[in-house]
Amino acid sequence: KAGVTQTPRYLIKTRGQQVTLSCSPISGHRSVSWYQQTPGQGLQFLFEYFSETQRNKGNFPGRFSGRQFSNSRSEMNVSTLELGDSALYLCASSLDQGRFETQYFGPGTRLLVL
Amino acid sequence: GNSVTQMEGPVTLSEEAFLTINCTYTATGYPSLFWYVQYPGEGLQLLLKATKADDKGSNKGFEATYRKETTSFHLEKGSVQVSDSAVYFCALRSYTGGFKTIFGAGTRLFVKA
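The listed protein sequences derive, respectively, from chains A and B.
Okay, so the first sequence: first residue is 895 according to our numbering, each after it adds one.
Okay, so the second sequence: first residue is 11 according to our numbering, each after it adds one.
Derived by calculation from the structure, the hints in this document are not laboratory data.
Since this is a predicted model, take the numbers as computed values, not measurements.
Any given hint could be a false lead.
[Said to hold, decoys possible] In silico DMTMM-like cross-links for lysine to aspartate or glutamate, where the CA-CA straight-line distance does not exceed 25 Å: (1) B:LYS62 <-> A:GLU946; (2) B:LYS70 <-> B:GLU18; (3) B:LYS66 <-> A:GLU946; (4) B:LYS122 <-> B:GLU86.
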């Protein structure tokens, strides 16, 4: 089975621009979560989607948004980019929701904002 | 709110040394606990998990026991190898208005030959 894939792997943007990141979960997985990883803050939860609905959201400004499609693929959008948005964005998929679920992570998209 | 605290790194050990990485948590309800590992240049992957009190998770010689009374989930390995050099993340998953996984800050482990 193919793993979680994320595109693009690297991205350079300037302040004020917007960006869309894509995540394809493992086939059959219905839940997708997004995280921001930075050296200072570690792994911060952005949001979790299940069956095309956002089920939970972290403490990020409204500039961060996402969606999930009927095939479980997910996109994350960041508008009006700020320097502090430079980070590794990780997507993780799991078979289902629930507290027992193991998450399978993609390699991440490294975003640099200049 | 829920949180995970793990020991700061880096931890540097010689090959065949005993490893302990401490992890404590604060959570309401009945969380599941996980250890994820991130090898250099790779994504996070599950190392082991435990879903209820007194459960022991184990994998690749690593072990951790879910201790509800001390709210801890310490990672141990009896004899580390150079290939164990990585960043280790303790995490909990619970329901707080929706399911959510919270990660600790990560502990970097260096193993010297």
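To see whether the hints hold, each was checked on the structure:
1. Taking the CA atoms of LYS62 of chain B and GLU946 of chain A, the gap is near 30 Å; set against the 25 Å cutoff, the hint is violated.
2. Proposed proximity of LYS70 of chain B and GLU18 of chain B is supported: the alpha carbons are some 23 Å apart, at most 25 Å.
3. Of the supplied pair hints, the one linking LYS66 of chain B and GLU946 of chain A is violated, its CA atoms being roughly 34 Å apart against a limit of 25 Å.
4. Between LYS122 of chain B and GLU86 of chain B the CA atoms are separated by roughly 18 Å; this keeps the pair inside 25 Å, and the hint holds.
Violated hints for the displayed structure, listed by number in ascending order: 1, 3.
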